[in-house]
Each structure stands twice: as C-alpha cells, then as structure tokens.
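**Student:** From the two separate chains plus the hints, produce the assembled complex.
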Amino acid sequence: MNTRWLTVWRRNFLVWRKLMAAAILSNLADPLIMLFGLGYGLGALLPSVEGMSYITFFAAGQLCTATMFTASFESMFSGYSRMHGQKTWDAILYAPIVIDDIVAGEIMWAASKAWLTGSTILGVVMVFGLASSPWVLLALPAAFLVGLVFSAIGIVMCVLARGWDFFSYYMTLVMTPMMMISGVFFPAEQLPAPLLAVAKVLPLHHGVQIVRPLLAGAPPPDLLLHMTVLLAYAAAGYAMAIHFARKRFSS
Amino acid sequence: MSVAATSALSAHALRKSYHAVEVVSGVDLAVAPGECFGLLGPNGAGKTTTLKLCLGLIEPDAGEIELLGEAVPRRAREARARVGVVPQFDNLDPDFTVEENLVVYSRYFRIPESRIRERIPGLLEFAGLAGRGDAKIAALSGGMKRRLTLARALVNDPQVVFMDEPTTGLDPQARHLIWERLRRLTQEGKTLVLTTHFMEEAERLCHRLAIMDRGRIITEGSPRALIAEHIEPQVLEVHGPGGEEKMRQWMERVRGLASRIELVGDTVYCYGQDVEPLLKSVSGELGYLHRPASLEDVFLKLTGRDLRD
Numbered sequence: 111m112n113t114r115w116l117t118v119w120r121r122n123f124l125v126w127r128k129l130m131a132a133a134i135l136s137n138l139a140d141p142l143i144m145l146f147g148l149g150y151g152l153g154a155l156l157p158s159v160e161g162m163s164y165i166t167f168f169a170a171g172q173l174c175t176a177t178m179f180t181a182s183f184e185s186m187f188s189g190y191s192r193m194h195g196q197k198t199w200d201a202i203l204y205a206p207i208v209i210d211d212i213v214a215g216e217i218m219w220a221a222s223k224a225w226l227t228g229s230t231i232l233g234v235v236m237v238f239g240l241a242s243s244p245w246v247l248l249a250l251p252a253a254f255l256v257g258l259v260f261s262a263i264g265i266v267m268c269v270l271a272r273g274w275d276f277f278s279y280y281m282t283l284v285m286t287p288m289m290m291i292s293g294v295f296f297p298a299e300q301l302p303a304p305l306l307a308v309a310k311v312l313p314l315h316h317g318v319q320i321v322r323p324l325l326a327g328a329p330p331p332d333l334l335l336h337m338t339v340l341l342a343y344a345a346a347g348y349a350m351a352i353h354f355a356r357k358r359f360s361s
Numbered sequence: 287m288s289v290a291a292t293s294a295l296s297a298h299a300l301r302k303s304y305h306a307v308e309v310v311s312g313v314d315l316a317v318a319p320g321e322c323f324g325l326l327g328p329n330g331a332g333k334t335t336t337l338k339l340c341l342g343l344i345e346p347d348a349g350e351i352e353l354l355g356e357a358v359p360r361r362a363r364e365a366r367a368r369v370g371v372v373p374q375f376d377n378l379d380p381d382f383t384v385e386e387n388l389v390v391y392s393r394y395f396r397i398p399e400s401r402i403r404e405r406i407p408g409l410l411e412f413a414g415l416a417g418r419g420d421a422k423i424a425a426l427s428g429g430m431k432r433r434l435t436l437a438r439a440l441v442n443d444p445q446v447v448f449m450d451e452p453t454t455g456l457d458p459q460a461r462h463l464i465w466e467r468l469r470r471l472t473q474e475g476k477t478l479v480l481t482t483h484f485m486e487e488a489e490r491l492c493h494r495l496a497i498m499d500r501g502r503i504i505t506e507g508s509p510r511a512l513i514a515e516h517i518e519p520q521v522l523e524v525h526g527p528g529g530e531e532k533m534r535q536w537m538e539r540v541r542g543l544a545s546r547i548e549l550v551g552d553t554v555y556c557y558g559q560d561v562e563p564l565l566k567s568v569s570g571e572l573g574y575l576h577r578p579a580s581l582e583d584v585f586l587k588l589t590g591r592d593l594r595d
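As you go down the protein sequences, you meet chains Z and G in turn. Going by this note's numbering, the residue at position 8 of the first sequence is 118; the numbering climbs one at a time, nothing skipped. Going by this note's numbering, the residue at position 291 of the second sequence is 577; the numbering climbs one at a time, nothing skipped.
Hints are computed from structural coordinates only; laboratory data are not their basis. Note that CB positions come from ideal geometry on N, CA and C, so glycine has one too. The reader is advised that the hints may include incorrect statements.
Quick list of simulated restraints, FRET-style, between CB atoms [what the hints assert, rightly or not]:
| # | chain 1 | residue 1 | chain 2 | residue 2 | range |
| --- | --- | --- | --- | --- | --- |
| 1 | Z | D140 | G | R360 | 43 to 53 Å |
| 2 | G | E364 | Z | A349 | 24 to 34 Å |
| 3 | G | D443 | Z | A345 | 37 to 47 Å |
| 4 | Z | G195 | G | R594 | 50 to 60 Å |
| 5 | Z | M144 | G | N329 | 28 to 38 Å |
| 6 | Z | S136 | G | R490 | 45 to 55 Å |
With a straight-line Cα cutoff of 25 Å, these simulated DMTMM-like cross-link-like pairs (lysine to aspartate or glutamate) come out [said to hold, decoys possible]:
| # | chain 1 | residue 1 | chain 2 | residue 2 |
| --- | --- | --- | --- | --- |
| 7 | Z | K357 | G | E356 |
| 8 | G | K566 | G | D583 |
| 9 | G | K431 | Z | D200 |
| 10 | Z | K357 | G | E350 |
With the Cβ distance kept under 7 Å, some of the chain Z side facing chain G (calculated, not the full set) [stated by the list, open to error]:
| # | residue |
| --- | --- |
| 11 | T117 |
| 12 | R121 |
| 13 | I207 |
With the rest of the complex left out, here is chain G (with noise of 0.2 Å):
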C-alpha cells in the first residue's frame, strides 16, 4: 500500500514563496489516521503557511498533497468537506448568537437544517456552552470563544481537524480545558494537526512532532524520543547577581562537570547525564533550578536563542 493511502496527511517537497522569499523550502510530512500531530517552530517557521498549503487554501510553487485520499489543491474542496479549521485568531460571526454562528457555518457544508439541530446540543456542551446558546459573541471571553470556534470546528464531524495555535492567548484555566477536549477528540479517533509554540502543549498532546525552521523541518519524531536523541537527561540553570562576567568565570571552573554547558545572559545552562558534582559548586549567592530536560530544551537547542520577531 502506498503511504498516502495510509496517512490522513501528507505532503512531499512542498514549496512556497512570497515575493521572492522562500517560506515554505522542501516540507515533508505524514500524519497517520488517529494520530495527534504538532507543528512547532518560532515565529515566522512557515507553520501556518505549511498548514494552508496542506488545506489548499494556497497553491504551493511546488511539492504534492494529499489530504484524506485526496489530491490537494486540486480537489481541496472534497478534502475540506471532511475537514475541521481552527485558525490562530478567532473569527466568530460577531452578528451572530453563539448558535447561530454554528447554524450559518454548517450550512456552508451543506449540512441538512434537521441534522444541524440534532447536533447543536452537543457542540454546546463540547465547548462548555450549554444553555449559552443565545449568547452574543462579545458577550464570551478568550477561553470561550476559542472553545466555540473548535465546536464550529466540528459541525460537519471532520476527520481531521487543523489548529493552528489553538490555545494562544488563554490563561492556563482556560488552556487546560482546551486540552481536555483536545484529548476526548483523540480517543475518539479523530486525527488532530496542530501547530504550537507551547513546548508543553506539544509534549502532553501530541503523539508525533516536527520542529519546523526558517521553512525547513529539522527533525521529527514523538516528544520522548526527541528530547533523548537531542538532550542530556539532566538540567541544571545557575545564576548569580554578578552578572555575564562572573557567570562566565563560573562556567569555566566547572566545565568539566557538564557534558554541555552554555551562557545565556546571566544564565549558566548545564546538561548532562547528571548534574549532582555540578551541584556542589553551586554555592554562596549564585541561585539554580534543577530540572530534568524538557521539550523546550531540544526546540532551543535546535532553533537557537535568537528573537524572532
């Protein structure tokens, strides 16, 4: 069997360039039926770009896609048909109630009206909106309005659902609740591709990751996995009121200690196998946070420290 034929998602080669700038440069990717698939990279990556190619929302220069059996560009429409949307930014019908935003979006599917309402209740209680039916739009706050445009989302029970960034901008409250009902569409069986710069987001919901750079997937594979292939098990992060200079100092005397060891401002990043003889020199005014390595080591060690803004 070919891999499209086993993959929910996937792309070959793809490439895409606005105005001379290449954003998207040689993109492979395969997402299989069920699995929970993440995106992540800094700012300006071409997460979004890649996730609007795979919709066939824009016609890539180059590369092939194929989106639940279909050929996408060419017949993203059928693809979208069984496909959900969540964007970065919400763009809920502000005219529209709370279920009259999720009636006027299934029709765009074509969704018959008896079939809309059988539904509405149980997009409601999906997005914890229960009895909020009438609501107006202004009316809701961050964390609902997100929820509301993942039930919109799901009008049409895709079977793939794209998010891209899907819980920026929420307190952690609200975030938590996102991932719960994140978690419920996993089991029950529906293939989520999202992209994100939460590492931790990434590392509780996702099966399989890539990091994606300046238009380039750098490597992928499931959070566990990435974080033993790239980082030492153990971190340690010192500092001190002295400054760069006297951090400096400090990490030449201890060197030897950490298999690797880097200066971030006033900050000493040292990795290893462990950390405990390192410990020991922490002493006197110099502050630290030992920590077993996380995702959001591999992404910095991988993507660099630098802004991208």
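Next comes chain Z alone, as it looks inside the complex (with noise of 0.2 Å):
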C-alpha cells in the first residue's frame, strides 16, 4: 500500500505540535462559547426540541459544524500558504513524491485536525452530561466522514484559488448558508420546502442527521443514506482535488 502521503501528515502534525496549545484553543474556544452561551441562553426559553434539551439538540449541530469549520480552515488557508507562500509542497516534489501523495497527506491531514476539534466538544459534551449513551462513541467516525468530506472540498479550493480572496466566495456563499439550513440550530423540517432540498443535498445536513441521534442515545434513522452522501462527497471531493492539484502543477 502507497504510504508516502503519510509523510506530508507528519510534516504538518510536527508543526501542529509545536504550536498546539494555540491550534487546539482557536478550534475550540468559539464553538464550545457559542455552544453554551447559545445552548443554555436560547434554551433557556425553550422547553425541549425533538425531545431533547435545546444545548443536546445544538450540541449535534455544533460539533459537526466546528468540525467542517476546522476541516476547511486547514485544508484552504493553511493548505494555501503551504502550497502557495511557502512553496512547501514544490519542496516536497522534489522528493519522490508526486502531488497526489500530497494531496492525500493534506486532505487527511485537515480531516484528522477537524477530529479532533469534534472529538474533544463531545468529550466536553460528555463531561457536561449533555449524552451519556453508548451510541456517542459512534459520533467519534462519524466526525472524521464529515472532516473528511470539507477537507476534500477545501483542497479543491485550495488548489483552484488564484489569492487568498477566493476563499471569501466559498465561505460566504456556501458554508454560511449552509450552516443555516442544516438543522444546526433549528430542526431543518421547519424551512419552508424548497430549502430542505437544498439542505438535504448538503453533506453538512447528513453529518447532522447522524450525530444528533447518537448523542440523544439512539441508533441514527436513515444510516445509510447519510453515510453514502457523506462518502460520496468526500470521494468525488478528493478525485476532484486530484485532478485540479495536477493540473496546476503540470504547468
């Protein structure tokens, strides 16, 4: 098995190392206040939605959407100043490694960062009593698929991005809205009809669809479904990176 793409996921987890405390802090500290500022304000003022605390149900929708912030934060500023400012990636061309490897280490790489960040708002989660079933352990796989989906994107719009700029379209135009119509802080089946369609062709919607589930203790509805959206996504997402990412460097 090819596993060269593993060296350019350590050279990045080298440098995460070092500068840790802060990477873990900036991933983390925005979600979990807005989680419970958001969670215990808003719910406050609601009795329960779906049949569960308002912190539970936005706690699902939280986790999944700091993860896919992670996941393209990495993948498209901090992929783009490794292949564009710093030039690393020519450097690691040189080696003998071809920019698939590179592009497999990176989209990995941003995917296990955007883990992390997921995994450790359920392990806060977790401590604060907000899910206690066994079923939560199934949030943990379930985070990376939706890494995996975003950093696949991001690195498709890192490798077609002409400036730091075009990341703006992609933010305000897609994962913005995206955000707001996938159930994150509100159940979804209350968009008037037409947007639940949009939202149900999202990944970020099945990434939902499936954690909120496992943290109020239940096998998710639909599994299947949502996994081979998931997966469909991040597969046509890396092929897609591919071939952008060869593209500009063959010329």
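**Tutor:** In structure tokens, the structure reads:
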C-alpha cells in the first residue's frame, strides 16, 4: 500500500505539535463559547426540541459545524499557505513524492485536525452530562467522515485558488448558508420545502442527521443514506482535488 | 553502449508549450557522470522549464528524457530518489528549525531515522551551520538559507544535483562559499546540473555548458572552447563624454584596426587578436578598459544585447 502521503501528514502534524496550545484553543474556544452561550441562553427559553434539551440538540449541530470549520480552514487557508506562500509543496515534489501523495496527505491531515475538534467537543458535551449513551462513541467516526468531506472540498478550493480572497466566496456563499439550513440551530423541517430540499443534498445536513440521534442515545435513522452521501462527497472531492492539483502543478 | 547508459542525464528533442507559446523548442542535451554542466541563458530562455522537464515535474509535449537510467517522466519518482534539487527561490520550511528542516525532508526519501541522525552533523558542517541546528529559518541570512537548501538537497546522498541559479541574490562572500561547496561536490564525484546567468559562475564551475535562448540550445562546449570558437581573444571597451554620436565617429575612424567592432550606447566594443594598435588611438578624454575576452562576450554575441524582461 502506498503510504507516502503519511510523510506529508506527519510534516503537518509536527508543525501543529509545536503550536498545539494556540491551535487547539482557536479551534475549540469559539464553538464551545457558542455552544454554551446559545445552548443555555437560548435553551432556557425553549422547553425541548425534538424531544431533547436545546443544548443537546444544538451540541450535535455545533459538533458538525466546528468540525466543518476546522477542516475548511486547515485545508484552505493553511493549505494555501503551504502550497502557495511557503512553496512547501514544491519542495516536497523534488523528493520521490508526487502531487497525488501531497493531496492525500493534506486531506487526511485536515480531516485529522477536524476530527480532534469534533471529538473534543464530544468530550466536553459528555463531561457536562449532555450525552451519555454508548451510542455517542459512534459520533467519533462520524466526525472524521464530516472532516474528510470538508477537507477534500477545501483542498479543491485550495488548488483552484488564485488568491486568498477566493476562499471568501466559498465561505460566504456556501458554508454560511449551509450552516443555517442544515438543522444546526433549529430543526431543518421548519424550513420552507425548497430550502429543505437544498439542505438535503448538502453534506452538513447528513452529518447532523447522523450525530444528533447518537448524542440523544439512539441509532440514527437512514444511517446508510447519510453515510453514502458523505462518502460520495468525500470521494468526489478527493477525485476533483487530485484532478485540479495535477493540472495546477503541471503548468 | 548507448548514449543513455553512459549519461547521468540525457534529453532528446524536448518540447514544451504553455498556452500555445513554445518555451522549449527541441532541446538535446547529455550530461556525463561526474560532470558539472551549466545551462546558460537570458531570462525566459527556457532553462527552468528544461530543468523541470528533466526532473519529471512537468510532462514534455514531445521528446525523451533519461535520468540516471530511468525514463522520465514515467519513472521520475524512482529517478528523483537519487537526485537532489536546489530551487531558484529558497523554500525551506519556516515552521521548522535548521535541523528539523533536514530531518523532515529526509523522511520524504524514506531514509531510516537512525541514518538521518547520522548524516545531520555532516550536512550542517557542509552548510557552514554546525552548531546552528536549533536556529529558526527566519534568523538565517540569505547565504545561510542557500547553503541549507543545498544541504537539504544532499540528504539522500544524490548522484545528481540540479541547481536553478544557485547564487542569485547572494553577496560575493556568500557566493564564493557556495562555489567552494559545489567544487567539493564535484570532487566527490557528484554530477551537477546548474542554470545560471552569471558567466563568471559558469566559467569557474562548469566543465561544459550550453547556451540557451528562446527555447533552443544555440551552442555548447567547455567555457574555454566556447570563447575560442566564438570570440576574438582581446577586448577593448572605449567610452567618452561626447555621447553616442562622438563615439560613432571615433568607431568609424578605427574600424579597420579591429576584427569586429560595435557601438552599444556610448561605448565602443572592439574585438581582435591584438588590440594594441587600437589602444594608441584612444586619446584625450576617452576612457577605456582593455581585457581578455570572457564568456559574457560569447553570451552577449549569441543572445544579443536586448533586454529580456
């Protein structure tokens, strides 16, 4: 099996380890402040949502959203900095490593970092007694899958980018609206039918649909469907990332 | 025996276009093992593209390449395992220290950790950075960064080292140190392939060189042979305060005394076997420089004096 991507993953891991404290803080502080602020604040006004406390309801959404953001920031901004700013990819390509290995290593790295965000939020949620069933453990692989999807898409954006502002389009036009309609803050069923239909083809919705039942302590309905959609996004993102990275680096 | 088997690097009829502009237009080259080969040319001549093609980083539109017996780009990865590269612009990893840069880079070659540790002191010494292993990249001078980049290219003990303008942007001290190191590599039997537009660098280091312009190799040979073949041995540069017109008049007066003569701006360049007679006609307020012909004269003769921006 080709494990050359692992050396790329390991390089990023070593840099992360040096700046670990700041990296963890910046990935976790925002989502946790939002989780507790909105969860308890707004939650006090709401009796229950879908049969659970609002904060538990929101925790599932926030876990997926924070995972998405970590994956996207790492693959787009940090990835672009390594690829374009520092020319780290160029240096690696002089070694017996090809662009496909770098793309795979970068996607796996961003997914790993995103997984750490997701799983730490899960840990905090459990410490605060917001979820306690053994089903919760399945949220760990689910978080990795969500991370993988957004890392793959993020690397596609990275290798297509001609400048930093390119990422603003994706964030403002795709990520933010997706967060609003994917059942993160409120049940997606409340949306007008056309918006719900849009949400159902987007990956974040399917991540939330897997994680929310798990936090509530039950097997997710339609698990196979949700996983298939997420895996399809990850696979398509990976294929596109390889395609556009090869194109970028062959000229 | 075929040419390929006796060459460290050979390329035949290489072509590469970007957006309908051909930047490499039929390049042939062969570099023997242990040779220091220089690729010279003005900006935009196609030198960097040629290097990238030889390394298999980009695919040629046509032509064949063999690097260390491996067909490139098909088996470029295998070839690059035994090759080192010093790029035109340093791309050291700013997040790592000097030593970490070497360690992390070694791992891309799958060199065992124990072997990496063994090699680090020697590499640091080579880079003139002994005792500076813990230094941050941002704290290094331009010369130090270049030497570290050179040391990084040696982590896999390569047989061939490619260098794209190895001393561009360095001060004379730093440049001379790099030259000394490159000679050391040649003495160790490594094959060097470098691009440069410093003629002095090419003259000092290269056993053989090729001059490239507009995607083609226009001549090749040893520095001495190229000078002997293309240029008269003596050069007299004459300039004066009267401006271009005055110098043109002076040039017309002495034209018969030089085998070749040209006016560039307000300077007259006279080339010949013997320019002593000419020297006698340099009088009054004219200034002059009398010198032996150099590779730069060959270069300018063959590639012209037009700016290439």
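**Student:** For every hint, state whether the structure bears it out.
**Tutor:** We went through each hint and held it up to the structure:
1. Remark: the range hint 43 to 53 Å for D140 (chain Z) to R360 (chain G) is upheld by a beta-carbon distance near 48 Å.
2. Between E364 (chain G) and A349 (chain Z) the CB atoms are about 26 Å apart, so this pair conforms to the stated range of 24 to 34 Å.
3. The hinted window of 37 to 47 Å between D443 (chain G) and A345 (chain Z) holds, with their beta carbons roughly 40 Å apart.
4. Between G195 (chain Z) and R594 (chain G) the Cβ separation comes to about 28 Å, which falls outside the hinted range of 50 to 60 Å.
5. Between M144 (chain Z) and N329 (chain G), the C-beta spacing of about 53 Å breaks the proposed range 28 to 38 Å.
6. Judged by the Cβ atoms, the range 45 to 55 Å given for S136 (chain Z) and R490 (chain G) holds: they are separated by roughly 51 Å.
7. Of the pairs offered as hints, the one joining K357 (chain Z) and E356 (chain G) holds, with about 24 Å between alpha carbons and a cut-off of 25 Å not exceeded.
8. For the suggested pair K566 (chain G) and D583 (chain G), the alpha carbons sit about 23 Å apart, so the restraint of at most 25 Å is met.
9. At roughly 16 Å between alpha-carbon atoms, K431 (chain G) and D200 (chain Z) fall within 25 Å of each other, so this suggested pair holds.
10. Among the hinted pairs, K357 (chain Z) with E350 (chain G) is consistent with the structure: their alpha-carbon atoms are about 21 Å apart, no more than 25 Å.
11. Contact between T117 (chain Z) and chain G, as hinted, is supported at the beta carbon level, the nearest pair being about 5 Å apart and thus within 7 Å.
12. At a threshold of 7 Å, the smallest CB-CB gap from R121 (chain Z) to chain G is about 5 Å, leaving the interface hint in force.
13. With its C-beta approaching chain G no nearer than about 5 Å, I207 (chain Z) sits inside the 7 Å limit, and its interface hint holds.
Against the hints set out earlier in the document, violations occur for numbers 4 and 5.
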